[in-house]
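Chemist: Here is what each chain is made of, one letter per residue.
There are 2 protein chains.
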Amino acid sequence: MHVAVLLFAFALTGTTLALDNGLMRTPPMGWLAWERYRCDIDCENDPKNCISENLFMDMADRLAEDGWKELGYVYVNIDDCWSSKQRDDQGRLQPDPKRFPGGIKKLAHYLHNRGLKLGIYGDMGKLTCMAYPGTPLDKIELDAQTFADWEVDMLKYDGCYSNAMEQELGYPLMSKALNATGRPIGYSCSWPAYQGGLPPKVNYTQLGEICNLWRNYGDIQDSWDSVLNIVDWFFENQDALTPAAGPGRWNDPDMLIIGDFGLSMEQSRSQMALWAIMAAPLFISNDLRTISSGAQSILRNEMAISINQDALGIQGRRIVKEKSGIEVFWRPLSKNASALLFFSRRTDMPYRYTTSLSKLSYTAGSYKVFNVFTDETASLKDSTEFVVSVNPTGVVMWYVSAPAKFNLRQFYQGEIFRFPFKKIIPSTRKHRNEGKRC
Amino acid sequence: MHVAVLLFAFALTGTTLALDNGLMRTPPMGWLAWERYRCDIDCENDPKNCISENLFMDMADRLAEDGWKELGYVYVNIDDCWSSKQRDDQGRLQPDPKRFPGGIKKLAHYLHNRGLKLGIYGDMGKLTCMAYPGTPLDKIELDAQTFADWEVDMLKYDGCYSNAMEQELGYPLMSKALNATGRPIGYSCSWPAYQGGLPPKVNYTQLGEICNLWRNYGDIQDSWDSVLNIVDWFFENQDALTPAAGPGRWNDPDMLIIGDFGLSMEQSRSQMALWAIMAAPLFISNDLRTISSGAQSILRNEMAISINQDALGIQGRRIVKEKSGIEVFWRPLSKNASALLFFSRRTDMPYRYTTSLSKLSYTAGSYKVFNVFTDETASLKDSTEFVVSVNPTGVVMWYVSAPAKFNLRQFYQGEIFRFPFKKIIPSTRKHRNEGKRC
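Going down the list, the protein sequences come from chains A and B. Position one of the first sequence corresponds to residue -16 (the working numbering), numbered consecutively onward. Position one of the second sequence corresponds to residue -16 (the working numbering), numbered consecutively onward.
It is worth saying that the hints were derived from the structure and are not from the lab. Remember, it's a predicted structure, so these values are computed and weren't measured experimentally. Just so you know, not all the hints are guaranteed correct.
Said to hold, decoys possible - Okay, derived cross-link-like pairs now, DSS-like style, lysine-lysine, Cα gap no bigger than 30 Å in a straight line:
id, chain 1, residue 1, chain 2, residue 2
1, B, 304, A, 364
2, B, 31, A, 351
3, A, 31, B, 304
4, A, 342, B, 304
5, A, 31, B, 342
6, A, 109, A, 184
7, B, 31, A, 306
8, A, 31, B, 306
9, B, 351, A, 31
10, A, 68, B, 159
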């Protein structure tokens, strides 16, 4: 009875609370354990890869010593399976003593001493997704304070083993509890992913007020199919999603799998570019100790990062979807610049796509174009027809530096680039390459 | 009427004709244009990539000068879209005069001078798949003679725009016609792919008598999904397919797409390894002028090639299919050796798979194991439990040098390794890494 009254009181105050922690004015960047290391707790047989303080210290060393930190990758984030199966005798969460013998606070110091930040993981239900102790409603204040005491910098708050009503109470409550600790703690909410990710079930205005970022959709897996599935969902629902994003509040399409096992170099560039267009958090989930130079060069691409981190914080949109499998994405950037992304869904050969900036709704004028992945530059009049050769499952990404003169309200309302884009872009090339069998 | 009588006579003799050209005692290796270059005939705008004599000479230069030839990659094969849309005034096929100004014979000489061989493409119907002139029944002898006059070394005979009855006549007829020229010309038949690839519609005994290799299934595309789809089909139907293969007669799961745009390094190793297990023809379809060193090292792996080229010519089989997504393949090799392949269909993280050689039906004894992609060696007793860590969509491939003592007839009849393999391999590791969402 007491708990029920308490919950009701929380419900009244929690939903109107604004998240005023001043954090993540651009999408957060760092490293997150889950996709690559899952719930590997077998430190005896797999000591280099199990979820342990050693793994996070290893990754911190790499971020700090190999120049990742200077690029903006500063968060080192723990996911599920870090804790003991039991709370301590004062009811607090505690890390697994064998795998985190130094404790979380010491780990946080290790990171802070290197200019990095520590993220931790909790779950709104009785149990986490992997059945470790969760943080249900009656534990929220305690656990928020524990995380603050440990000097944690970010919390991913998952939603397994909770229902919609509990989530509606719990996610705002955790926001309030984190704020109440006085420690700035970035707050990642998995809430919308458990509610289908779309209005009216999901209230993105509220989310922007209580969370710094939120997972809208399912977990990424180490495959191109998974990336495509996520990209499809985010851009098919761009009218609902793009207005939600902005400084301090981000849609999160999940981790970067660049440097893992499932993506080709083309596909890796595509994920980096699409995540930049989406103003997505950039959480790498790979082994920074052994990552290839090719994957590194993509994750370290400074122009792609700067597009991702643009101060305006406007999430980009898909503006063209051709029958040929070519799609064009656009994101307005500060200084009246913009990013243009040409993407091919084809699986045959490089496709020569012909268009012009005016066909892509750029206003009259001369533009300077910078190719993000080749460093080539060019000047281009709006009316000039050009050809971009886009590799199968690959991208061509441009930073366009001259004024695009867009109207922000029209953009959000989809009036400029309502999807599907008005058909002013003809297929200029016959499709000779399809339909063959054997 | 005259033609009909002629065809009837051909039908009587053609189907009993054995292909006695002595060619391709091991699976043919080389380069084939289709997957990467398709029907790109736009030499004006895309001169480096269009189907032209320049493209084939470029690839010949690379094969000859970069050490591919010495590894066995000797065929340079033209696919569709090479010819003029019209036959010449004597009714003969002729190459497109703009794209092949020197003619095919000159191109053949260019290759022969470099120790390479030339393959060409025809189609059993009125038109090729891309609507160039085909080689229907009444043109078979003429075109076979034309190819021989041009000193061509291989023919891929496609099946678009022909029906089952025409194919039943035409494929044996072309075999006979090629033999009748007196020039050894390797003969690749697309026939089974047009008939579903399986008995009783497809007669593999007959195919082995008239063709050196045959396409059983659909075209490969530049994607991992496509590779998986092909692998699934070939191993689900291994009971029907493996007995058909042997020296001079090969199942063809289509080209290697390693070095193109759609496969990660793991997936590239997997295609190379699975094609080696399958005793598949190794036709690269990529740009040898710009191929990455990573892709090169896989295509140039001498142990993988030697397994593919094993003199016994026995096509390997899948012997284990675990619920965890781990599969094991096995191929018997000459000198009583064998190849073992561990493959992961997972998309999460490296999987530690525990087994032993005795669980994989090896007889008692001590074996020497050579890791094809890491060059590590080990000695292993049949009873020793070992762990292989298999990356997502990746493989671990072993050459096992000691006697495997298999019974060839039992192998073909699936008695040793009937699929599904008798369940003697327990899942030794709990599946802690699945089912999580957000």
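Chemist: When the hints from earlier in the document are held up against this structure, which numbers fail?
Modeler: 1, 4, 10
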